[in-house]
Amino acid sequence: MIRFTHVFKEFARTGLALQDVSFHVGKGEFVFLTGPSGAGKSTVLKLIFLEERPTKGEVKVSGVSSVTIRGRDVPKLRRKMGVVFQDFRLLEDRTVEANIAFALEVTGTAPAAIGPKVSRLLSQVGLASKATSLPRELSGGEQQRVAIARALSNDPVVLIADEPTGNLDERATRGIFQLLRDINASGTAVIMATHDLELIRRAECRTIEMNHGTIVFDSAEQAGGAMRAEDDS
Amino acid sequence: MRLAWREALLAFRRAPVLSVLSVTTIAFSLFAFGLFGLVALNIRHQLNQLEDRVEIRAFVVDGTNAEATSAALGDIAAFPEVATAKLVTPEEALKRARQELGEFSDVFEAGILPASIDVKLKPGFNDPATVSAVAGRIKNYDFIDDVRFGEEWVQKLYRIRNIATLAGAVLGLTFAGVAVIIIGSTIRMAVLARSREISIMRVVGATDGFIRSPFLIEGLLKGTLGGLLALLLTYFANSLIGKFVFTAEFFDAKYAVAGVAAGALIGLLGSAFSVGRHLKEV
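Chains H and F, in that order, give the protein sequences.
The opening residue of the first sequence carries number 1 in the working numbering; numbering runs sequentially from there.
The opening residue of the second sequence carries number 234 in the working numbering; numbering runs sequentially from there.
One thing to keep in mind: the hints can contain errors.
The calculated label-pair distances, taken between Cβ atoms and stated as ranges, are [what the hints assert, rightly or not]:
(1) F/S418 with H/D20: 42 to 50 Å
(2) F/S418 with H/G28: 47 to 55 Å
(3) F/G509 with H/T132: 52 to 60 Å
Don't read these hints as lab results, they were simulated from the structure.
We put the CB at the ideal spot given by N, CA and C, even for glycine.
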């Protein structure tokens, strides 16, 4: 569903951010993207989300290639994805339900369908009772749940989470992670960038580790390698 | 579209100080332009009045028969440049001279001054070349002794008019340019203040056209309000000048509407430019 093929990304000011990155994420997978700061995790997410285009190579999302997609078709592709950020990116002067409704409105959802959908999404993330609260009245974990509800508003095939637990305490982190697992269990692929090695260790999901703009470890490949080695013997 | 209007109106409610600041900045920029416009309008009005006084006076040879004079009068009145052509008898000439010049007040005989054909030209035909050409044609009549039109004065007037037009155009463009820059910066501030909203709209898959529309409406509204406020301020300033200095001409309805429309257009284009630039940057 997401395929990186020999992707290079160079920024004019900071230089090479990705060098020859190739990997594939299938439907319904849960993938951790980890590595030190500046390793290239966020750049990978931006490329998936087409906020950036590769300098060389190709990124394919849901069969759409970064090489051939036209600028005006990018929003359509983005509606198939949900994005969550470390800093939540909520509209501070709007209620929780208005934040989610806004996402539905701008993508042209019929007005009559917005209310029920917002209620369903808030129930899904466990915030049905906070619909009329303002973001500043919520804890960090709750704000991130609102952001996740918003990201789910277009029924995405993949949820991209850039350090979603980076600003949260351990308990909130566990709650958000469980929510992401539940979302994944319902068939949505999740790609989560994180520094939290403890979380990765406990979760036992596919992990891609990056450093200096390259993939230095991919648990799927290692498992594949091990399986191949077993087959050979 | 309904959502775009709602978002545009919400922007006024959410950031009232910034909105008032934007409208006021637009209003004062256009007010400065409006004041300049008033000065230009009044200078032009005065020059037009002076131009209306440009007159060709063709003196008729003494003893010319009335028929010839009247036929020539008809011919001259039919010239395309000519607005009016009038015969002034010696009696009328003396009366006029007595009014204009005190030294004729003790002259009792009309015969001292010749009869003349006084010609006024249509607006737009008062430049030295045209006046001189018409005067030359009139002089071709046998019974015309001399033709006068204050050649030097017409040339000076024309030069002043050209300088005023050029200065007006340069100053007007400068004022308009400054207004556009100030208004553009104000709108850019409003766009930057809402960059978070723009980034969220992008994240959820809004098209650039959709993102732009509330900003365009906001710019249009701010520009229109600024334009109306500027018109009000200009009117107030004009009234004050009228009360304490001298009565000055004010814009007619056509110019007033054009001024407000210019505000709206600047607001719209400023927004389109600012949000377009922002969308390219992020």
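Could you say whether the range 52 to 60 Å given as a hint is met by the Cβ separation of F/G509 and H/T132?
-> violated, 36 Å
F/S418 and H/D20, beta-carbon distance inside 42 to 50 Å?
-> holds, 44 Å
Lying within 47 to 55 Å: is that true of the beta-carbon distance F/S418 to H/G28?
-> Hint holds: Cβ distance 50 Å, inside 47 to 55 Å.
Checked against the numbered hints above, the structure violates only hint 3.
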